[in-house]
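Asks: Those sequence lines, one after another, are chains A, B and C.
If you count by the numbering used here, then the first sequence holds residues 38 to 366, one letter each, in order.
If you count by the numbering used here, then the second sequence holds residues 92 to 530, one letter each, in order.
If you count by the numbering used here, then the third sequence holds residues 107 to 389, one letter each, in order.
Errors might be hidden in some of the hints.
Stated by the list, open to error - Stretches of chain B that chain A covers, calculated by requiring three or more beta carbons in the stretch to come under 8 Å of a beta carbon on chain A: (1) 175-187; (2) 297-306; (3) 327-336; (4) 339-347; (5) 479-485.
To be clear, the hints were calculated from the coordinates, so they are not data collected in a lab.
Backbone N, C-alpha and C fix where the C-beta goes; we use that ideal spot for every residue, glycine too.
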Amino acid sequence: MDIVEVLADAIRVAIGPLAAAYALAAVGLNLQFGYTGLLNFGHVAFLMVGAYGTAITVDQGGPLWLGLLVGVAAAVALGLLFGLPTLRLRADYLAIVTIAAAEVLRILIRGPGEDSLTRGVFGIQRFGNDFFDLNPFPNGEYGIGRVSFTERGLWVLTVAWALVAVFTVLVVLLTRSPWGRVLRAIREDEDAARSLGKNVFVLKLQSLVIGGVIGAFSGMLLAIDRQSVNPDSYLPVVTFAIYTVLILGGPASRLGPIVGAVLYWFVIQFTEGFAREAIRAGWIPESVLDETDIGALRFALVGLGLMLLMIFRPQGILGKREEVLIDAQ
Amino acid sequence: MRPRTRAWGAFALLALTGALAVASAMPASAQEDDEETPVDEPEFVRGRIQDKTKEPSKPLEGVELTAKKGDREVGEAVTDEEGSWEIMLPGPGTYTVTLDTDTLPKGVGLRDEDKASLEVEIEEGRAKGLIFAIGERTTTSRSPAERLLNLGVQGIRVGVVLALASVGLSLIFGVTGLVNFAHGEVVTFGALIAFFLSASAGGPEMPLVAAAVLALLAGGLFGYVLESGLFRRLRRRRSGNVALIVVSIGLGLFLRHVFLIIFGERPRPFTEFTVQKNFDVGPISLPPKDFVIIGLSLALLVAVGLLLQGTRLGTAMRAVSDDRDLAEASGIDVERVILVTWIAGAALAGLGGVFQGITDKITYDMGFTLLLSMFAAVILGGIGTAYGAMAGGLVIGVTTQVSTYWVESKYKLGVALAVLILAVLIRPQGLLGRAERVG
Amino acid sequence: MPSETAAPVTGVAPEPGVAKPDPILSVSGLRKSFGGLVAVHVDHLECQRGTITGLIGPNGAGKTTMFNLLTGFDRADAGTWSFDGSQLEGMLAYQIPRTGLVRTFQLTKALAKMTVLDNMTLAATTQRGERLRECLVRPLWRQQEREIEARADALLERFNLAHMRTEYAGTLSGGQRKLLEMARALMVEPRMLLLDEPTAGVNPALLQSIFDHVRELRDDGMTVMFVEHAMDVVMGISDWVVCMVEGQVIAEGPPASIATNDAVIDAYLGAKRTEEAQTGGGG
Numbered sequence: 038m039d040i041v042e043v044l045a046d047a048i049r050v051a052i053g054p055l056a057a058a059y060a061l062a063a064v065g066l067n068l069q070f071g072y073t074g075l076l077n078f079g080h081v082a083f084l085m086v087g088a089y090g091t092a093i094t095v096d097q098g099g100p101l102w103l104g105l106l107v108g109v110a111a112a113v114a115l116g117l118l119f120g121l122p123t124l125r126l127r128a129d130y131l132a133i134v135t136i137a138a139a140e141v142l143r144i145l146i147r148g149p150g151e152d153s154l155t156r157g158v159f160g161i162q163r164f165g166n167d168f169f170d171l172n173p174f175p176n177g178e179y180g181i182g183r184v185s186f187t188e189r190g191l192w193v194l195t196v197a198w199a200l201v202a203v204f205t206v207l208v209v210l211l212t213r214s215p216w217g218r219v220l221r222a223i224r225e226d227e228d229a230a231r232s233l234g235k236n237v238f239v240l241k242l243q244s245l246v247i248g249g250v251i252g253a254f255s256g257m258l259l260a261i262d263r264q265s266v267n268p269d270s271y272l273p274v275v276t277f278a279i280y281t282v283l284i285l286g287g288p289a290s291r292l293g294p295i296v297g298a299v300l301y302w303f304v305i306q307f308t309e310g311f312a313r314e315a316i317r318a319g320w321i322p323e324s325v326l327d328e329t330d331i332g333a334l335r336f337a338l339v340g341l342g343l344m345l346l347m348i349f350r351p352q353g354i355l356g357k358r359e360e361v362l363i364d365a366q
Numbered sequence: 092m093r094p095r096t097r098a099w100g101a102f103a104l105l106a107l108t109g110a111l112a113v114a115s116a117m118p119a120s121a122q123e124d125d126e127e128t129p130v131d132e133p134e135f136v137r138g139r140i141q142d143k144t145k146e147p148s149k150p151l152e153g154v155e156l157t158a159k160k161g162d163r164e165v166g167e168a169v170t171d172e173e174g175s176w177e178i179m180l181p182g183p184g185t186y187t188v189t190l191d192t193d194t195l196p197k198g199v200g201l202r203d204e205d206k207a208s209l210e211v212e213i214e215e216g217r218a219k220g221l222i223f224a225i226g227e228r229t230t231t232s233r234s235p236a237e238r239l240l241n242l243g244v245q246g247i248r249v250g251v252v253l254a255l256a257s258v259g260l261s262l263i264f265g266v267t268g269l270v271n272f273a274h275g276e277v278v279t280f281g282a283l284i285a286f287f288l289s290a291s292a293g294g295p296e297m298p299l300v301a302a303a304v305l306a307l308l309a310g311g312l313f314g315y316v317l318e319s320g321l322f323r324r325l326r327r328r329r330s331g332n333v334a335l336i337v338v339s340i341g342l343g344l345f346l347r348h349v350f351l352i353i354f355g356e357r358p359r360p361f362t363e364f365t366v367q368k369n370f371d372v373g374p375i376s377l378p379p380k381d382f383v384i385i386g387l388s389l390a391l392l393v394a395v396g397l398l399l400q401g402t403r404l405g406t407a408m409r410a411v412s413d414d415r416d417l418a419e420a421s422g423i424d425v426e427r428v429i430l431v432t433w434i435a436g437a438a439l440a441g442l443g444g445v446f447q448g449i450t451d452k453i454t455y456d457m458g459f460t461l462l463l464s465m466f467a468a469v470i471l472g473g474i475g476t477a478y479g480a481m482a483g484g485l486v487i488g489v490t491t492q493v494s495t496y497w498v499e500s501k502y503k504l505g506v507a508l509a510v511l512i513l514a515v516l517i518r519p520q521g522l523l524g525r526a527e528r529v530g
Numbered sequence: 107m108p109s110e111t112a113a114p115v116t117g118v119a120p121e122p123g124v125a126k127p128d129p130i131l132s133v134s135g136l137r138k139s140f141g142g143l144v145a146v147h148v149d150h151l152e153c154q155r156g157t158i159t160g161l162i163g164p165n166g167a168g169k170t171t172m173f174n175l176l177t178g179f180d181r182a183d184a185g186t187w188s189f190d191g192s193q194l195e196g197m198l199a200y201q202i203p204r205t206g207l208v209r210t211f212q213l214t215k216a217l218a219k220m221t222v223l224d225n226m227t228l229a230a231t232t233q234r235g236e237r238l239r240e241c242l243v244r245p246l247w248r249q250q251e252r253e254i255e256a257r258a259d260a261l262l263e264r265f266n267l268a269h270m271r272t273e274y275a276g277t278l279s280g281g282q283r284k285l286l287e288m289a290r291a292l293m294v295e296p297r298m299l300l301l302d303e304p305t306a307g308v309n310p311a312l313l314q315s316i317f318d319h320v321r322e323l324r325d326d327g328m329t330v331m332f333v334e335h336a337m338d339v340v341m342g343i344s345d346w347v348v349c350m351v352e353g354q355v356i357a358e359g360p361p362a363s364i365a366t367n368d369a370v371i372d373a374y375l376g377a378k379r380t381e382e383a384q385t386g387g388g389g
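Could you build all of it, start to finish, from the sequences and the hints given here?
Replies: Rendered as structure tokens:
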């Protein structure tokens, strides 16, 4: 077994575009769930509309910048669509409705045939060329030792983490202001906030929309990196994974989404790599686990991790125990 | 009672089910390796034409099929002595595969004449199986009213199974306030247990009826384990509602992918009652198994209703749902009521999974697919009550099934979810039963 | 024992629905039923400006429900009510505090996961920093925030909470939470407070302190109405007492007249007996 290669691979993924995109999605979710307490289980829909907004625009002949604008606009629209009717619901109903709405949207995108706007199950490919044309890095390999990226990877990576930084700062500024103070009050007790004259509904809607737009950026980033969108990449399980990232890092903490995403992808990639090597080396009998099971193993681990984190360390790595939601009501 | 012993019980059961499943999956996967979908290969459609009205079913040789993309013919095939056929396709896309009914033997035809041409969407590197259902040649085609009626009856079948599966979801919410996102996995669990007991090559190969009864019991046991091993502890720690929802989501995700590792990705049917000759009652034409499922489910649902209405346990359950503190103060053993609710609810969900597996196929995520429809049913009917789940299940089942008369069936789940969203938005409080008081 | 200052409600007949000389809150035809059960049915009720009104009644009399209706936390089936010139019916819960009518809750809603100071500063109204467009630019709201903090500190000092300023509110005792909730309500700069059982769950040592604060507020010109079901407590502090039974106002008047009112005593003694058999909240 080449443990060094497994390790290098895990580090590569943990600092790569994928981790950055998840960090970004978690920054958005942090505003919604971490600071406002909105149990938005349809977060993946924001990623989806961001990605599809971009892909469809370019696919129909528009420039990429317009596609990005469309993606953001779609996320705002989705936030309003989700929020206006649902934000007066209780947390559990909100969770059910958002997960259902995200699925309905996915089914609608998936439904039509190859010649439709969304191209149904086939998805849309190769719409990010404009982005890669802007790549300032010359051809070559960049990195230290075995952890290295191509110029393409480095370009995506740089933009991705820059976006993470920008939106992290934005969320920090927002949440440290009196506006953010009202959000935290809403998270703990909406009625208390109302009894003090706070317009809870509007603030929740603002939080949902801003978090959704940040999610849309994550979706656009992932889609451009892969140069492909497909409805089946936006299953509810993605939302659950983003929750795991956030709770791992620490809900309502500034750097929680970043730490969570890096650690999440490191653990996932390392476990997968290790399991693959172990199967090849014959340490794990194929009857128990073979290489096709590794994807399933990942999500089983995510589920287990989410459950255990929520039970034993709901404040994650960076959150404050005193502020987490799990305490006695 | 000693909690530690119970935790070990939970682990033992999980280990046992795991071991059982792995053991029974082993020979099955060895045997079926050749059927695995190859990756990085060209795209295929394939299938097997068999006359299943005969016992044993008889493969049909020499049946001709053609595949078209748009108007362009891209491939053709003739079935071999096994009845098998396969067409290699030029790439991913939407194809129409047509069976030439003239090449079928005399007296044999398609069960549904409209289904001689099937549309199929193939993704990159995938192979897909197509089923042409062979049966007695039916000459009369149905009127729209008859088709709607049949869809309605199918909807009732979908609805009662849905109701059966979701009664537990609703009752558990009623007595504990938990919105259990892992309830779908209880449904899958029941179906998988029945599958490994009856249909798996290495398993005991019991009759499905016996396996279904055992699946019901196993479901109950599973409910017991989840409640006493996990959710009771969390309640004792006074975990908040939001935390519990996240925990149940994690649990569901974990179980679902453990099922995937054990069972595999491919949908598989039970070996019994797979294809049956339709049984006609007036204009209604359904396979006998559907009538049996409707009958059994309705009987069980009525039994649950009577139990809730007429027994002390049922009264206690409703009392706990109404006001837990008051129930406790009036001497009801609330924890016991909750445990019984979990066991009963999970048992019904397990059986619901078996029924679902009989009418459809068994997949590792069948319960999760059903989960959102179950939420729809439960919320539509009024969460927390058994009758609500039953009524909601029927409405959702019939609505979605009948909707396929106008809407393509791939949007079916969308229809159910749209009903759910509308229900929550229009009458969240009314559906909940009662408004919450502030202060 | 009547209150020390002269009650400004002298000369008003002690009968249900009577008009007051200077009502700040006026309720008419207020109705609410849950299922078939009528929870609140108040024909007319007025509350005199600058007084302390005690609202008493046995468990389930509809006191909390009435508070919920008046403050928009529950929707009335019928009725009109006005506060100091504003019609309140139809307003949303968050709009009512802005008219100057602020409530507290029976189960304290001190925000346990925020600091004491954050609880206080949160409550100030018309904060520029709460507007999304301005909150990102700190200089726009820094000055206002300082003023709010100064006001909060003064109130914390007054309510003996200054030493807990930076602690999470969750670390406060039950009585301190009640004080915090009251102080926080004052940050809204109300003209009338509706206090829902300000003494519930409070250590007896703090009871007197809470009442002293209520009296001080009244002396500063505030109107206070509070729910309580321990009768003796109410009598000592109220200028006027309203008694509700089964959703209706059965009596109102100065404490002395209520203490001797037969209907009140009957309702109380009758209810007391059933209450002993039960546990649970009031209202």
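Asks: Give a verdict on every hint.
Replies: These are the hints, each one checked on the structure:
1. 175-187: holds (count 3)
2. 297-306: With 0 residues in contact (Cβ-Cβ under 8 Å with chain A), the coverage given for the region 297-306 of chain B is violated.
3. 327-336: holds (count 7)
4. 339-347: holds (count 8)
5. 479-485: As far as the region 479-485 of chain B goes, the hint is violated, because 0 residues have Cβ atoms under 8 Å from chain A.
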